[in-house]
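*Asks:* Each chain, letter by letter, is given below.
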Amino acid sequence: MNIKQIAKAAGVSVATVSRVLNHPENVAPATRERIQKIIDEAEYTPNWFAQGLNFNRTKTLGVIVPHMLTAMYTDIISGIEEVARPKGFITFLCNVERDPKMEREYIGQLIQRRVDGIIIMSSTLEEKYISVIEAEKIPVVLIGENREHGQCNSVTVDCRLGAAEMMAHLIETGHRSIGFLWGNDPQQETTNMLAGYKNILRANGIPINDGRILKTENSIEGGYLGARKMIADEWPDAIFATSDEIAYGAMDALKDSGICIPEDIAVVGFGNNRMSNLVDPKLTTVELPLRKMGIYGARILFDLIEGENDDRTPRQILLQSKLRIRRSCGHKERIEEMF
Amino acid sequence: MLKTDFLGMKLDNPLIVAAGPWHRDGEGLKASIKAGAGAVVTESIISDTLLDVRPHIASDGQGAQNIRLYSNIQIEGWEREMRIAKSAGGVVIASISGHTPSELAYLASKLEKFGADAIELSVSNPMSEGLEVMASHAETIYEMTRAIVESVNIPVIVKLSQNTTNISKVAKAARSAGCSCVSAINTVRGILQIDLENARPTLSSYGGISGEYIRPLGLASVATILQTVDVPVSGIGGISTGRHALEYIMLGASTIQVGTAVMVGGRPVIGNILKEMESWMKDHKIKSPDEIRGKALKNLKSFDEMKHEPAVSTVTGVACREDCEKCVTCCIYDAVVRDGGTVRVDRNRCMGCGLCTFLCPENKLSLGW
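Protein chains in written order, with this note's numbering: chain Z, 405 to 743; chain E, 19 to 387.
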C-alpha cells in the first residue's frame, strides 16, 4: 500500500495520514489510533526519499570512530543507535584508524551526503575542522574530551577523577610504587588520567618517578611490551594501565615472567570492558559509562536536529565513572566496593 | 475534606502513590489517579535503561525488598507515557535518578517538557552503589539539586535516604540549592530473610527494604527534618492504613506517599486509606488535615526538655484475662505480679518504664503518679 491507499482505506485525506506519521500529536487520539492500525496492518513504511525531500532531512547520522577494534568505541556506538533507530535514523560508521587525515576526509564525505548530524568520538582535530561542519548547518556533538573545543556540544567523563579514585584505592591498599602504563588514546582523557595519578601521589607524599611513567600503544600488545619494560629493572608494587586492553597485555607479560598477580604486583585497568570480569584474576578497573555516553551524544544531537536547543548555549553532559574493585588489585579489606 | 495545597498544586487529597514499578508506564499512573490518588510519581527514570535481574522483588507479608528497580522505558518513550498518564487529569510527578548534575538536568528538562507537574530527585536507592550512598553527601545533593532547579520551572522534590548519619544536613543542602520540598524516606539497605534450608538470602544482593519495617524510621526522619529545616516534607515509609497516614501528617508531613502497600494489596488500598483517614477525622471533628498537621511534632522533645515525673504503672479496673501474663512476663523490674483475678504493681519496685502499658491487650495499665 502507498499513502494514498492508506488514506482511502481510512476514509481520510493524505494530509491526515501524513500527520499521523510525522506529527501524531496534532491528530485526535481516536482518529490517530484508527489510522495507525491500518498503517500497521499494511506494514506501510513511508517513502524515505520523498520524506527527505519534504523535510530536508536524510534521516542519517555520521559517526566518526577513532578505532573500531578498541572495545570501548563499539559500546558507545550501541548507545548512539539505541536512540537513533527508534527515530527512523540510520548511522554511517566511519572508522578513521586514529588518523586525523582520514578523519577530515570522512567529515567531508558526510557533509556531501547531507547527513542530518555528526557525532565525533575522541576527536584529535583542531577546532577549525569542526567549524567546517557547523558552517554547513549540520549539528555536531563530540563524545570524549578535546581541550581545543571548549564551546562544543559534548559528552565527557571526568577521567582525572576516575584515575584519582583508583590511585587512592591502590595507596589505601598498601601500594606505594605504582607504574603508569600510558596508552596513546584517547589523548585528552589519558592525559587527564596522568594528572589524576600525579595528584594523588603528591597528596600522599610519594615522589613522582618519571621512570615509572611509560608511554605505550593502547592495545593488548602495547600493554605486554610496556609491562615487560616496566619490570626489566626494579618491580613496582602495582601497574595502573590507562585501558583494560593494556592491563590484559600487562597481565600476560607478568604471567610469562612468572610474576604472580596480585601477590607480587597488582594490575589495574580503566574502562571496564566485558572481559575484565572474566580474566584471571578478575581485573580491578574504572567503569566508564560507555553506552550512556553514546545515548547522551545522540540525545543532544537530536535536540539540535529537532531545533530544541534554541538558546544556542552548548549542551555539555558530564558523566561519572565508577571504581570496580575486583581481585587484581590485591585488596583484602572490603570497605568501598559496589554492592 | 482532604483537599491539599502542595507546592502550589491543588491535590484532591494528600495521598501520593510513590515511585515504583507499579508506575512503570502511563497506564499504571493513570490507574492510580483513577483509584483516587491525590498525585502519582513515576517509576524512577534514568539515563540508560538496565536489564532487570530476576527475581528482583521479595516480600514476607510485612515488608518488601527490591533490587534495582528503575524504569525500563528510555526518556524518549516517556513523552508518550506522560501523555497517557495525564489523559485522565491528575498530578503527575516525574522521578529521576542519575549520577551527575548535567544528566539529571537533562532528564528533568525533558520531563517538564513532556508535562510533568513536578520532579522528584531520587538519589538514595541503596542498590548497586558504593557503601556510601550518594544521598549521604550533602555537597553532591546540593550540586544535583541546583542543576535541576536551574533547568526547570516546576517544583523540585528531593527524596532522601535514611542511610546517612545526618539527614538534616542533606535536607538543608537540598533546600539551599532551591528545592521546593523533600520526601523521606527512600528504601533502606537490607536483607529481608535468609532461607536456612538452602543457605541463601531471599534475593541475591542487598536491596531496598520497604513496608512495615521502615515506618518508624520514616516517621523519625520526617520529624527530624521538620524540626531542623524550613522545608515542606512528603512522608514515606510503611504507610498502609489511614492511621499511618495521619501519623505522618501529625508529625507535620504536607503529603504522604504510599508504595509497597499498593504493590502488595493493589490499588483498592488507595481508597481504603483515604476512607480511614476521613472516618477518623470525622470522628474527631477535624475538617481539614491542616488542623492536625504538625500537632504531634510539638510533643517530640529533647532529653533536656523532658519532665522527670515519678510515674509508676497503675492498674485500672480488675477484670483481667486469665490466659494473659504479658505484663508479668515483660516486667524487667519484677514489679508486676498476678493477684487472683487481676494483677498488682509493686509501686516501690516499678521504675515507670512503661513497657507493660504498651503490651497489655486490655489497656488496663497506665502510667501515673
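A few of these clues could be false.
Here are some chain E residues pointing at chain Z (derived, C-beta under 8 Å) [claimed, not checked]: (1) D66; (2) H74; (3) N90; (4) E94; (5) H117; (6) Y124; (7) S297; (8) D301.
Source of the hints: derived by calculation from the structure; they are not laboratory data.
What you are looking at is a predicted structure, and each value in this text was computed from that prediction instead of being measured.
Here a beta-carbon is modelled for each residue, glycine too, at the ideal position from N, C-alpha and C.
*Asks:* Kindly indicate which numbered hints from before are broken by the structure, ordering the numbers from low to high.
*Replies:* Violated hints (numbers, rising): 2, 3, 7, 8; every other hint is consistent with the structure.
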